[in-house]
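First to last, the protein sequences are chains U and F. Last residue of the first sequence: 175 (the numbering used here), numbering continuous. Last residue of the second sequence: 381 (the numbering used here), numbering continuous.
Take these hints with a grain of salt, some might be off.
As the list claims (entries may be wrong) - In the DSS-like style, the derived pairs of lysine-lysine whose C-alpha atoms are separated by at most 30 angstroms in a straight line are: (1) U:Lys-103 to F:Lys-352; (2) U:Lys-4 to F:Lys-207; (3) U:Lys-4 to F:Lys-202.
If you are wondering where the hints come from, they were derived from the structure by calculation, not from laboratory data.
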Amino acid sequence: MKKLMQRLSPPGMNVKAEKAITVICLILSALWGTLYFLTNYFIERDVLFTVRGGKLVPKQGAVISEFAMTVDPGMLFGFYVTMLIIAGFTLFRLAYFYQGSKSIYLMRRLPQKGETAKRVLALPALWIAGTALIMLLFTGLMAAVYLLATPKGCLPAQPFKNVWEVFACWKLIS
Amino acid sequence: MLEINIVKKSYINKPALSDVKLSFPRGEIVGLFGENGAGKTTLMKCALGLLPYKGNVTLDGAPITKKNIEKLSFATGEHSFFPELTGAGHRDFYKEHFPAFSDKRFQGLTEFFGLPLHRPLRALSTGQKNQFEVIFALSQGADYILMDEPFTGNDVFNREDFYKVLLGILEPHETVILSTHLIEEVADFIGRAVLIRAGRIVGDVKTTELEDDGKKLIDYVKETYMYQPDRVSRALEQITGEDAL
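All chains should be modelled from the sequences, with the hints used to inform the complete structure.
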């Protein structure tokens with residue numbers, strides 16, 4: 002694994018810093034996403050219940066919003082920021098070939114095609130793909146919480162209708 | 137044969153190379169001389185494809201591409217190694233990417249200069265960095281070894297050693313093109329001198345021809361550049377208002 006990472010990085014570059022930043026960003030993203038989901042979910046869930054005889058019971062006919070309405074792309078904000086930060090690593094990787102020497106000359110003299118691009122782009126691309134996968138798994142986990150923590154009678158007919166809207170990151174900008 | 141055919145290069149409308157035409161057969165040690173900004177570095181970078189240019193550069197009749205680029209190596213005073221990588225790391229990198237890399241030559245030269253193999257190159261002295269830069273170029277397995285001011289920062293003894301080692305290790309098919317200001321120092325080691333001025337080739341001579349004419353290389357260079365021997369005394373006169381000599 003270490004060798005593969007070395008082969009996909011500028012020679013001599015310390016990949017540990019990139020790894021550490023990525024892991025920290027992923028942890029923070031998951032924390033942010035969990036808090037965001039739970040806050041939104043419990044606001045929706047609280048509406049489903051009423052107090053009867055000192056006990057919390059589901060309201061007659063109350064139905065929770067669909068999953069995509071309960072949470073919005075804000076839940077995944079951290080993951081998108083993580084992906085942007087990882088994309089930024091490519092700039093540092095490219096700058097590495099100009100720092101302290103002009104090792105870019107050596108890279109450009111290599112007989113193998115695309116060696117510089119490989120060492121600049123491949124690992125960040127893999128990490129972005131990994132982050133996207135973790136984001137999907139995280140969304141799945143939150144969906145499971147939504148399904149299991151909501152009383153069955155309070156679930157809508159199609160709880161995951163328009164679920165793709167959770168991933169509509171462009172809505173974060175507007 | 138490395139051929140540079142009518143190569144032109146400009147930097148923002150300022151000509152750096154004008155119709156340069158040169159050819160280098162295998163087995164020569166060539167000195168490339170010229171003032172700062174004459175175009176020596178630009179010429180080398182164009183030959184290596186590191187800069188865009190007009191004209192063409194061919195190696196054995198074929199343009200320089202990924203297919204034959206390994207036949208050219210480059211040692212530059214700017215350094216082209218990876219500062220964070222060790223000497224041993226560089227050896228592995230070169231072995232992986234240049235099939236003709238000579239481990240024997242690399243080992244012999246690093247031992248001769250007593251270079252540490254397990255320290256990042258950034259931690260070494262300028263002289264040691266230069267030595268590594270040149271050793272990588274010599275060990276790559278290239279037929280044409282281009283060196284651009286590779287000894288800046290090395291002491292005179294070190295440089296002398298290097299020239300001697302260079303003469304001792306070069307194979308008959310290897311050509312070295314050495315750009316330097318140290319004309320007198322390399323005079324005994326080169327077989328041909330190419331002079332460049334303001335982007336044009338102004339002189340190209342074999343050192344044997346100079347010997348036959350009883351001329352020293354430095355005199356040929358001064359003559360070609362129309363060096364004025366009295367320019368220092370004239371300048372001093374102008375500055376001090378007194379007769380300099």
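Cross-check of the supplied hints:
no., hint, result
1, U:Lys-103 to F:Lys-352, "violated, 36 angstroms"
2, U:Lys-4 to F:Lys-207, "holds, 28 angstroms"
3, U:Lys-4 to F:Lys-202, "holds, 25 angstroms"
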